[in-house]
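Student: Spelled out from the first residue to the last, the chains are:
Protein chains: 2
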Amino acid sequence: MDYINYSVEKLEKFCNTAFQKFGFNENEAKQITDVLLLADLYGIESHGTQRLVRYHKAIEKGSVKPNAKPEIVFETPVSAVIDGHDGMGQLISVFATELAIEKALKSGIAFVTVRNSNHFGIAGYYTKMACDRGFIGISSTNSESIMVHTNSKEAILGSNPLAFAMPAEPYPFWFDAATTVVPRGKLEVYNKRSKPLASGWATDETGKVCTDAEHVLDCINAHGEGGGILPVGGISEETGGHKGYGYSMISEIFSAILSGGATSNHHVRAVGKGAGSCHSFIVIDPKIFGDPDEIKRRLSVFLKELRDAKRADENIQIYTHGEKERISYEKRMKEGINVNISTVAEMKSICDYLGLDSVEFLGEVDTAGAKTSTYDKAYK
Amino acid sequence: MDYINYSVEKLEKFCNTAFQKFGFNENEAKQITDVLLLADLYGIESHGTQRLVRYHKAIEKGSVKPNAKPEIVFETPVSAVIDGHDGMGQLISVFATELAIEKALKSGIAFVTVRNSNHFGIAGYYTKMACDRGFIGISSTNSESIMVHTNSKEAILGSNPLAFAMPAEPYPFWFDAATTVVPRGKLEVYNKRSKPLASGWATDETGKVCTDAEHVLDCINAHGEGGGILPVGGISEETGGHKGYGYSMISEIFSAILSGGATSNHHVRAVGKGAGSCHSFIVIDPKIFGDPDEIKRRLSVFLKELRDAKRADENIQIYTHGEKERISYEKRMKEGINVNISTVAEMKSICDYLGLDSVEFLGEVDTAGAKTSTYDKAYK
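If you're matching them up, the sequences are chains A and B in order.
Going by this note's numbering, the final residue of the first sequence carries number 1847, and the count climbs one at a time with no gaps.
Going by this note's numbering, the final residue of the second sequence carries number 1847, and the count climbs one at a time with no gaps.
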């Protein structure tokens, strides 16, 4: 088996220690770890510990600056624009979400945008922050250019997720998805597993469908030579590819155009330079539409109706968004998290880089079959 | 050929006259006509004159009440909930959008929801209203249940479009799309053309893919027996069907859950009863993020970059959203609008119903090959 099981506590201890060694204070390290491990706990392997190598490289190459502090550069009672000054995306985004919540408490609705940030983890972490406080949360981010939009072979847009969360019983509605068919992280996971991509996920530098994960990742890392991931809806308008392209545009506009930051195609992957990631965070107090308890009750009823609908296949359950994640969360809190050996190998090299004892943090593990991360090739 | 060409003036005259005969005043008839013809001018055949039969039947059956006036039932400086009292969707929605613009002028952002309305035409008409005034416009609506969500064979959600518009040069960014792979209107158009649906658009009452447009429309009209249109992303999670399902949820929450109205699965198609449609309208003043001219310039630059990207096929142009619609608009304003003969037959029966001289309004036309509208079967 290519996975090693770690308890949540074990991973927490490793991440907290590593991020402090990287230059963050105790509270900051805890915050970053929390975002990262929520992804693994929710079963979103693409955005959990497998992303540690990305942060490692970004800090090592001077792209993420551990001492940077976010700054509010423009503000109204319902909005703000924040300059992240190339800090860690998670810390800037928690700051931005707290600000949006504070403004929504007073104004009922708030829209905060961020520029000059870095990768922020799962978009849904920040909508969860709002949702946990009884609000509707909406968040988005752009990324390095990765999406080949309809009729293009050149990636201009990012994976550009949109996330949305709203309180409900017994689970909140929690939706978080890249506007590409799949996120880049999924290609990384397939590459680590040496598994071919599904047809209709990605194209190569000629604009043709490509199922070789490593080749597509190379195309993405080469920037501008062509090749990337298709929008949700696929390669043609017949199957709605222009719709995924449209949702990606909304994410890009919210994040980059409204923050004055870099659009995905102007993100930077260079030593000493911040990536230029942009995000957006919208917080809405349901009480601007009436009784919030009644609104929550109505959503809960509707979610149950969706789950109880007639099944296409009697043996396949119907889910509402966020349900699988909550089931995964409960299971993994008890049973631990399976980490791919390639990811474990990356964690070992983080130990080497930071002078940590890998046996103490990760145990005696054999990572002989591990694949080398594509992030080694990402920086110019 | 199965199409008859009419000038915009000719169609305007017919629609204005018909809607006044249906019981609307001159200004209201003009408003409804404007929404309807913008769809045809933009090349969105599914939502233009081919939808007249739907409004005809809805008024005839007492579902749309021409004398109803929208009422604000809840309000804050940044929001409102409107009860449409079963009026014509277009009139209620213009009222709601005007209200949202008025609030956004003062507060910077406004979110207005609507319940107890009827079909409102293209969602993008209302975002265009906001965009024409320099704002970002976002709108959504639910509909009768039509979408078979992931793993379900029963339609619970509606076609649930999300529309988004924002000022840019030389064209605004104007995105308007059902969160289903295709809207119901597209099935109506294929049915009128006796053309098979693309595989992956719809399923039948057994939950299997179905390419027979008439059969799927029958399934939809039967309500609750199974069958409907798939979410953008298709039938499986592998191709992102759960994402289209998620976007549809956002539209449903914005429209129905936040207005206190009927979710799509509780819409009514019964003589004497309003459909229960719900909508949402968000208006954002870009100046809450800085200089609106600079924001517009930035979006314009980015849209150009997208259009100028390397093409997958050198002979196939890359578009940004709203560009095709503007090209179509200019062409059709000059050359007129091609109307399917089945739609012309429906317009003739509207003349008969209202006591209008069809030859005067539509000319001497042979509609022998016309298909009968599925709307005759829609009311119980």
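Read the hints as simulated data drawn from the structure, not as lab findings.
Careful: at least some of the hints might be erroneous.
To be verified - Each computed EDC-like pair below joins lysine to aspartate or glutamate, with the alpha-carbon atoms no more than 16 angstroms apart: (1) K1675(A) <-> D1780(B); (2) K1791(A) <-> E1704(B); (3) K1675(A) <-> D1833(B); (4) K1573(B) <-> E1538(B); (5) K1488(A) <-> E1542(A); (6) K1662(B) <-> D1679(B); (7) K1488(A) <-> D1824(A); (8) K1771(A) <-> E1790(A); (9) K1815(A) <-> E1790(A); (10) K1754(B) <-> E1542(A); (11) K1777(A) <-> D1671(B); (12) K1675(B) <-> E1476(A); (13) K1477(A) <-> E1781(A); (14) K1532(A) <-> E1495(A); (15) K1777(A) <-> E1772(B); (16) K1777(A) <-> D1501(B); (17) K1815(A) <-> E1827(A); (18) K1675(B) <-> E1781(A); (19) K1771(B) <-> E1636(B); (20) K1777(B) <-> E1797(A); (21) K1662(B) <-> E1542(A); (22) K1740(A) <-> E1476(A); (23) K1754(A) <-> E1704(B); (24) K1488(B) <-> E1542(B); (25) K1777(B) <-> E1692(A); (26) K1662(B) <-> D1469(B); (27) K1536(B) <-> D1501(B); (28) K1777(B) <-> E1827(A); (29) K1662(A) <-> E1705(B); (30) K1662(A) <-> D1780(A); (31) K1763(A) <-> D1671(A); (32) K1791(B) <-> E1704(A); (33) K1815(B) <-> D1780(B); (34) K1662(B) <-> E1681(B); (35) K1497(A) <-> D1469(A); (36) K1771(A) <-> D1758(A); (37) K1815(B) <-> E1797(B); (38) K1524(B) <-> E1704(B); (39) K1480(B) <-> D1824(B).
Student: Evaluate each hint against the coordinates.
Tutor: Against the structure, the hints:
no.: 1; hint: K1675(A) <-> D1780(B); verdict: 10 angstroms, holds
no.: 2; hint: K1791(A) <-> E1704(B); verdict: 13 angstroms, holds
no.: 3; hint: K1675(A) <-> D1833(B); verdict: 46 angstroms, violated
no.: 4; hint: K1573(B) <-> E1538(B); verdict: 21 angstroms, violated
no.: 5; hint: K1488(A) <-> E1542(A); verdict: 34 angstroms, violated
no.: 6; hint: K1662(B) <-> D1679(B); verdict: 8 angstroms, holds
no.: 7; hint: K1488(A) <-> D1824(A); verdict: 13 angstroms, holds
no.: 8; hint: K1771(A) <-> E1790(A); verdict: 11 angstroms, holds
no.: 9; hint: K1815(A) <-> E1790(A); verdict: 33 angstroms, violated
no.: 10; hint: K1754(B) <-> E1542(A); verdict: 10 angstroms, holds
no.: 11; hint: K1777(A) <-> D1671(B); verdict: 12 angstroms, holds
no.: 12; hint: K1675(B) <-> E1476(A); verdict: 45 angstroms, violated
no.: 13; hint: K1477(A) <-> E1781(A); verdict: 39 angstroms, violated
no.: 14; hint: K1532(A) <-> E1495(A); verdict: 13 angstroms, holds
no.: 15; hint: K1777(A) <-> E1772(B); verdict: 45 angstroms, violated
no.: 16; hint: K1777(A) <-> D1501(B); verdict: 40 angstroms, violated
no.: 17; hint: K1815(A) <-> E1827(A); verdict: 11 angstroms, holds
no.: 18; hint: K1675(B) <-> E1781(A); verdict: 13 angstroms, holds
no.: 19; hint: K1771(B) <-> E1636(B); verdict: 9 angstroms, holds
no.: 20; hint: K1777(B) <-> E1797(A); verdict: 46 angstroms, violated
no.: 21; hint: K1662(B) <-> E1542(A); verdict: 54 angstroms, violated
no.: 22; hint: K1740(A) <-> E1476(A); verdict: 34 angstroms, violated
no.: 23; hint: K1754(A) <-> E1704(B); verdict: 34 angstroms, violated
no.: 24; hint: K1488(B) <-> E1542(B); verdict: 34 angstroms, violated
no.: 25; hint: K1777(B) <-> E1692(A); verdict: 9 angstroms, holds
no.: 26; hint: K1662(B) <-> D1469(B); verdict: 13 angstroms, holds
no.: 27; hint: K1536(B) <-> D1501(B); verdict: 19 angstroms, violated
no.: 28; hint: K1777(B) <-> E1827(A); verdict: 50 angstroms, violated
no.: 29; hint: K1662(A) <-> E1705(B); verdict: 14 angstroms, holds
no.: 30; hint: K1662(A) <-> D1780(A); verdict: 27 angstroms, violated
no.: 31; hint: K1763(A) <-> D1671(A); verdict: 45 angstroms, violated
no.: 32; hint: K1791(B) <-> E1704(A); verdict: 13 angstroms, holds
no.: 33; hint: K1815(B) <-> D1780(B); verdict: 44 angstroms, violated
no.: 34; hint: K1662(B) <-> E1681(B); verdict: 10 angstroms, holds
no.: 35; hint: K1497(A) <-> D1469(A); verdict: 28 angstroms, violated
no.: 36; hint: K1771(A) <-> D1758(A); verdict: 20 angstroms, violated
no.: 37; hint: K1815(B) <-> E1797(B); verdict: 27 angstroms, violated
no.: 38; hint: K1524(B) <-> E1704(B); verdict: 38 angstroms, violated
no.: 39; hint: K1480(B) <-> D1824(B); verdict: 13 angstroms, holds
The structure is inconsistent with the numbered hints 3, 4, 5, 9, 12, 13, 15, 16, 20, 21, 22, 23, 24, 27, 28, 30, 31, 33, 35, 36, 37, 38, although it conforms to all the rest.
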